[in-house]
Structure formats: C-alpha cells, structure tokens
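My request is simple: use the sequences and hints to build the entire structure.
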Amino acid sequence: MVAKNLDVRQDFPILDQKVNDEQLVYLDNAATAQRPTAVTDSLVHFYQTDNANVHRGVHTLAERATEDYENARRKVQKFINAAEPEEVIFTKGTTDGLNLVASTYGEANIQAGDEIVISIMEHHSNLIPWQQLAIKKHATLKYIGLTADGELDMADAAAKITDKTKIVAIAHASNVMGVINPLAELAKLAHQHGAIIVGDGAQAAPHVPVDVQALDVDFYAFSGHKMMGPTGIGALYGKRALLEAMPPYQYGGEMIDFVHQQDSTWAQLPYKFEAGTQNIAGAVGLGTAVDYLTSVGMTNVEAHEQAIVDYLLPKLVADPDLEVYGPHDPAKHTGVIAFNVKGIHPHDIATALDMEGVAVRAGHHCAQPLMTYLGLVATARASFYLYNTQQDADRLLVALAETKEFFNHGAVKA
Amino acid sequence: MGLSKLNSLYREVILDHADHPRHKHDLQTSTNTITLKNPTCGDVINLSIKLDDQDQIADIGFSGDGCTISQSSASMMTDAVMGKDKETALRMAKTFSDMVMGTEHPQADLDELGDAAILSSIMSFPARIKCATLAWWALQRALLEEDAPTDEEEA
Numbered sequence: 001m002v003a004k005n006l007d008v009r010q011d012f013p014i015l016d017q018k019v020n021d022e023q024l025v026y027l028d029n030a031a032t033a034q035r036p037t038a039v040t041d042s043l044v045h046f047y048q049t050d051n052a053n054v055h056r057g058v059h060t061l062a063e064r065a066t067e068d069y070e071n072a073r074r075k076v077q078k079f080i081n082a083a084e085p086e087e088v089i090f091t092k093g094t095t096d097g098l099n100l101v102a103s104t105y106g107e108a109n110i111q112a113g114d115e116i117v118i119s120i121m122e123h124h125s126n127l128i129p130w131q132q133l134a135i136k137k138h139a140t141l142k143y144i145g146l147t148a149d150g151e152l153d154m155a156d157a158a159a160k161i162t163d164k165t166k167i168v169a170i171a172h173a174s175n176v177m178g179v180i181n182p183l184a185e186l187a188k189l190a191h192q193h194g195a196i197i198v199g200d201g202a203q204a205a206p207h208v209p210v211d212v213q214a215l216d217v218d219f220y221a222f223s224g225h226k227m228m229g230p231t232g233i234g235a236l237y238g239k240r241a242l243l244e245a246m247p248p249y250q251y252g253g254e255m256i257d258f259v260h261q262q263d264s265t266w267a268q269l270p271y272k273f274e275a276g277t278q279n280i281a282g283a284v285g286l287g288t289a290v291d292y293l294t295s296v297g298m299t300n301v302e303a304h305e306q307a308i309v310d311y312l313l314p315k316l317v318a319d320p321d322l323e324v325y326g327p328h329d330p331a332k333h334t335g336v337i338a339f340n341v342k343g344i345h346p347h348d349i350a351t352a353l354d355m356e357g358v359a360v361r362a363g364h365h366c367a368q369p370l371m372t373y374l375g376l377v378a379t380a381r382a383s384f385y386l387y388n389t390q391q392d393a394d395r396l397l398v399a400l401a402e403t404k405e406f407f408n409h410g411a412v413k414a
Numbered sequence: 001m002g003l004s005k006l007n008s009l010y011r012e013v014i015l016d017h018a019d020h021p022r023h024k025h026d027l028q029t030s031t032n033t034i035t036l037k038n039p040t041c042g043d044v045i046n047l048s049i050k051l052d053d054q055d056q057i058a059d060i061g062f063s064g065d066g067c068t069i070s071q072s073s074a075s076m077m078t079d080a081v082m083g084k085d086k087e088t089a090l091r092m093a094k095t096f097s098d099m100v101m102g103t104e105h106p107q108a109d110l111d112e113l114g115d116a117a118i119l120s121s122i123m124s125f126p127a128r129i130k131c132a133t134l135a136w137w138a139l140q141r142a143l144l145e146e147d148a149p150t151d152e153e154e155a
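Residue numbers (UniProt numbering), protein chains in the order written: chain R, 1 to 414; chain X, 1 to 155.
Wrong hints could be hidden among the right ones.
Unchecked claim - With a Cα cut of at most 30 Å, we get these calculated DSSO-like pairs of lysine-lysine: (1) R:Lys18 - X:Lys130; (2) X:Lys86 - X:Lys130; (3) R:Lys18 - X:Lys5; (4) R:Lys404 - X:Lys5; (5) R:Lys342 - X:Lys5; (6) X:Lys86 - R:Lys136; (7) R:Lys92 - X:Lys5; (8) R:Lys404 - X:Lys130; (9) X:Lys37 - R:Lys92; (10) R:Lys315 - X:Lys5; (11) R:Lys188 - R:Lys342; (12) R:Lys342 - X:Lys130; (13) R:Lys404 - X:Lys37; (14) R:Lys142 - X:Lys37; (15) R:Lys342 - X:Lys86; (16) X:Lys24 - R:Lys404; (17) R:Lys342 - X:Lys37.
As the list claims (entries may be wrong) - Restraint-style ranges between C-beta atoms, simulated for each label pair: (18) X:Val44 - R:Thr231: 27 to 33 Å; (19) R:Glu323 - X:Asp52: 42 to 48 Å; (20) X:Leu15 - R:Leu322: 17 to 23 Å; (21) X:His25 - R:Thr299: 54 to 60 Å; (22) X:Val44 - R:Gly232: 29 to 35 Å; (23) X:Val44 - R:Phe258: 50 to 56 Å; (24) X:Thr88 - R:Gly252: 31 to 37 Å; (25) R:His328 - X:His25: 35 to 41 Å; (26) X:Thr40 - R:Gly343: 20 to 26 Å; (27) X:Thr40 - R:Glu323: 20 to 26 Å; (28) X:His25 - R:Gln213: 56 to 62 Å.
To be verified - Derived contacts from chain R toward chain X, CB cut-off under 8 Å, selection only: (29) Thr265; (30) His347; (31) Glu356; (32) Gln368.
Hints are computed from structural coordinates only; laboratory data are not their basis.
All values reported here derive from a predicted model rather than from experimental measurement.
Virtual Cβ for every residue (Gly too), placed ideally from N, Cα, C.
Spelled out as structure tokens, the structure:
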C-alpha cells in the first residue's frame, strides 16, 4: 500500500531544514512531536493578547485568560470523550498524571497485601510510581508478560489480575513494542475483580482516537508535547466519583474552598487537583493542538501512520541483518518501530543516521525492565507521525543500508 | 554525502580497538574495582585495576557492554595507563576529559594518551562525548575511591 501524504508539512517549519547537510527526517516522535505553526502562534497570541492569571481576577484580561484556559479543558474533554470537563485535570504531563494517581488514589486505597498489576512493557513513568507505592504499602507489584511476538499476554493478564488486585496500570500503546494494548478488555477484567484501571495514554492519545468512556478506564494520563502541544502540559482524566473521593495532590493556592487556621476544605473538581498557578499558556497551546488534530481527523492520522507501517515494516523485517521488536504483522504494529542491526550498537546506528539527516532514538527508552526481559541493553527506534511520509521511510531504509555498509567495511567512499 | 563525515569519528584505529578490544577481561585479583553505568543509554563498564606496592598499575581489565566509542575508548584507556603510576593515570584522565570538552592541552599531555588522543574527534559529536569519557571516569573513580581517606587529588 502506498502511504498517501496528509499534506501538512508546510505547517511544520522546523521540518524544512538541513541537518548535517541533509534534509531533516524527524523520526523521534515517540520522544516528542514537532509543533505546527498554529500551536506556536496560539502561545504568542495568548501572551501578547490575553495573558493574566485565571480564576482570580475581575478584570477583563483575567476573564479572557480564564475563558481560554477552560476552553482548552473542554477541547481536551471532547478529544478523549470524557463525560464532563471537570473530569479533565491539567498536569505537567503523563508522568505527573500517573504520579498524581499513585500518590492520591494509591496512597488512600492500597494496603499491605494488596496487589498492583502492571505490564513488563511499561515506561518507567508507569512503573516506578507503582513500584514505590508497593514498597511503601507492603503491597505486591505484579507484571503481565508478553507473547512470543511481543504483544501483551492476555492469558497472563487473566491469571495475574485477581481479587487481591486493587490497581491495574497499563500503557494504551507501547513506546517500544509498537503495540496497542486491549485497554477496554483489561478494564473489564480489572472491574470484574473490583480493581480500578489506569491507562497510560502517552503513546496512544497523539496517534489513535481515544474514547475514555468506551474504554471504561478509571484514569487516563497523557502528555501535550507528544501530540504537538507545548512541553510541560498534559492532562489526566479521572472518573468523577473517584476524583471526588481522592485527597488532593498538592496544597496551595487555587485548590482551596476555605482555609482556616487549623484546617481547610478543598475546591470543587477539577481545581482540587490544580494547586498554584497552572501552565495556562501550555493549556491554551494544547487546546490548539487538539483543534489541529481534530481538523485532520484522528482516524486519518491513524490510517496515515498505518500506511507507512504497512510499507516500511515488511522491508525492515525482511532484512536479515535487522532484528525488529514487537509484532512483525504490520496490522498489529504502530508507527513506533524499535530495532537493532546485527553487530552495530544502537548508539552507533543513531549517530550514523543523524549524519544522514535521519533523527532516531537509541537507548533503553525508559523501559529498563522490558530491555532486561527481552535480553537487550538498548535498541534503535524510529517513530512516525502525521507529517512523516513514505519518502521519509525510504530515507531511513537508504541510510540504514549505508550505515551497515560503513560499519561492515570500515568506511564509505567520500 | 552524510556518512563520509563518520570517517572522522570512526577512524580505523577506533574501529580496530572496538573490534579487538585490549584488556577486555576481569582480573582474578585486583585492588581497585568499579562498575559505572551511563544511565541515558544503559552502557555498563566494569573496571578492575591491580596496583602494586609502588602504586603502579600492574594490571587492568574491563568488561561490560557498550557502543563502538565506549568499547574502543575503554580499550585505548587500558592500553594507555597500563604500567603508569596512579598519579600519572589520574592526570591522563583529566587530560582526556579536558580534551573532549575542547580545553587546550600541551602536546606532551596529549601524546601521553597514546591512541586515546584520537578521540578528540568526538568533540564534533556532542551526543557521544559521554560514550568516550565513561571508561576514563571509571578509571578516575576506581583510583580515587579505594583510598578516599588518604585522598590527595584535586577534585
């Protein structure tokens, strides 16, 4: 299948540059995406036109800033189909959102002997908060393993999630294995055993349509910067009843109802969880990114990336010098492709590709337990987004071929 | 043609050290050992050193896993400091760190580094400087930590 381009590249001026004398091919989208002009413009517009602190002024700018901020919340709400805007809490990003759940819901509900179930493919941000909570509470942390082709082992999930399980926390999409996990099915399983389920949406929200009500997840965290919003902003979805029962995350301004000398009461949702002046411009920028993605259409984004995977993955898999992680069936693989080249360390691959203008990540991808599980130290990883093209995939293939030639024969012709 | 630039980093001598690393084994007996990790990439080096009565490096070996640059650098480092006294080895480690950060050094200091001096080319690849310095940091830490009470080196 030929990947039809979405005709959006002119919206991303950063892509129009040379790196090491070669036209840039940006394939590190799983780390962070690039921003369209609309998003950077919206930041400038906010600071130059509407900037004020929110919710606490009676003057006109304060009112405008508040409206911008709350509009952004409603955009995010619609984007993930949350039932109401109060269920969307602005955070610093996925890590912040997951830590919020672990240190509020987790702190209040996990007791000695309880079990928390995650998967072996989790990013450190959806692993360490649960690991530390388990240590603190003398609870048990259990890991769901993988099938032979690198998918989440649902039979193992059914065995690991028991009546002792209180929290299940799983990546919606993996940042290494390139799989979408069956979150709805896992939610059903968790709920059957009286557990709640937390979805790590960092690698899914930017790439596939997300409907938190259809998934029936209890919490869902994601980052703005991976979906073309600013850094330092993200959102946490939580079901209203759970959020209301939870203690606050941080204390300070904005999150209070009334403060007495010896005690305080908390603000309504979502402000109970938004202590201090928030990243207002970041929220506005995230709202613009949501508008941008919505105008392209998330199903189109998904289809576009799938077409690139359909084209590229079989070529990578067919190369005997390459080891490609995760399912080899393109239909089961997202635009996150981790791989190794026999005999060449991923760092050397990344440097060589960079010399060809192709930006990829190399390392453990903040998933050290997964690397150990797979018997690896590191991998290279190419990850695609809506502005990447089939030509980008071709550039990767050519650069990889030249990299192999270089390292296998010592040098290339100048 | 982008990859031709790689020739300046992956020089023949560097590739040779990476393909045929010297002293890549753990020592049976050692006086100073350390394991260092580069947390950004997962590279690991285990370094063991045997100092004799005169504080000279009588034997040195390393094991671990890493990229061409880190493996090659470890090989060149062990070659360079073998037989040197502790003070000289520490001075060489400092010279190396300075060199890859672009600080000027007298030619005599650079000559002392042997093959390792060729890694000055890493300066053009800032993302890889840590790969080159890992082995030298390990050397420094191993030599300084064992006898911290009588530590007389500059920080």
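Outcome of the hint check:
| no. | hint | in the structure |
| --- | --- | --- |
| 1 | R:Lys18 - X:Lys130 | holds, 25 Å |
| 2 | X:Lys86 - X:Lys130 | holds, 23 Å |
| 3 | R:Lys18 - X:Lys5 | holds, 15 Å |
| 4 | R:Lys404 - X:Lys5 | holds, 15 Å |
| 5 | R:Lys342 - X:Lys5 | holds, 22 Å |
| 6 | X:Lys86 - R:Lys136 | violated, 44 Å |
| 7 | R:Lys92 - X:Lys5 | violated, 39 Å |
| 8 | R:Lys404 - X:Lys130 | holds, 23 Å |
| 9 | X:Lys37 - R:Lys92 | holds, 29 Å |
| 10 | R:Lys315 - X:Lys5 | holds, 27 Å |
| 11 | R:Lys188 - R:Lys342 | violated, 41 Å |
| 12 | R:Lys342 - X:Lys130 | holds, 23 Å |
| 13 | R:Lys404 - X:Lys37 | holds, 27 Å |
| 14 | R:Lys142 - X:Lys37 | holds, 27 Å |
| 15 | R:Lys342 - X:Lys86 | violated, 38 Å |
| 16 | X:Lys24 - R:Lys404 | holds, 25 Å |
| 17 | R:Lys342 - X:Lys37 | holds, 23 Å |
| 18 | X:Val44 - R:Thr231: 27 to 33 Å | holds, 30 Å |
| 19 | R:Glu323 - X:Asp52: 42 to 48 Å | holds, 45 Å |
| 20 | X:Leu15 - R:Leu322: 17 to 23 Å | holds, 21 Å |
| 21 | X:His25 - R:Thr299: 54 to 60 Å | holds, 57 Å |
| 22 | X:Val44 - R:Gly232: 29 to 35 Å | holds, 32 Å |
| 23 | X:Val44 - R:Phe258: 50 to 56 Å | holds, 55 Å |
| 24 | X:Thr88 - R:Gly252: 31 to 37 Å | violated, 56 Å |
| 25 | R:His328 - X:His25: 35 to 41 Å | holds, 38 Å |
| 26 | X:Thr40 - R:Gly343: 20 to 26 Å | holds, 22 Å |
| 27 | X:Thr40 - R:Glu323: 20 to 26 Å | holds, 22 Å |
| 28 | X:His25 - R:Gln213: 56 to 62 Å | holds, 60 Å |
| 29 | Thr265 | violated, 43 Å |
| 30 | His347 | holds, 4 Å |
| 31 | Glu356 | holds, 4 Å |
| 32 | Gln368 | holds, 7 Å |
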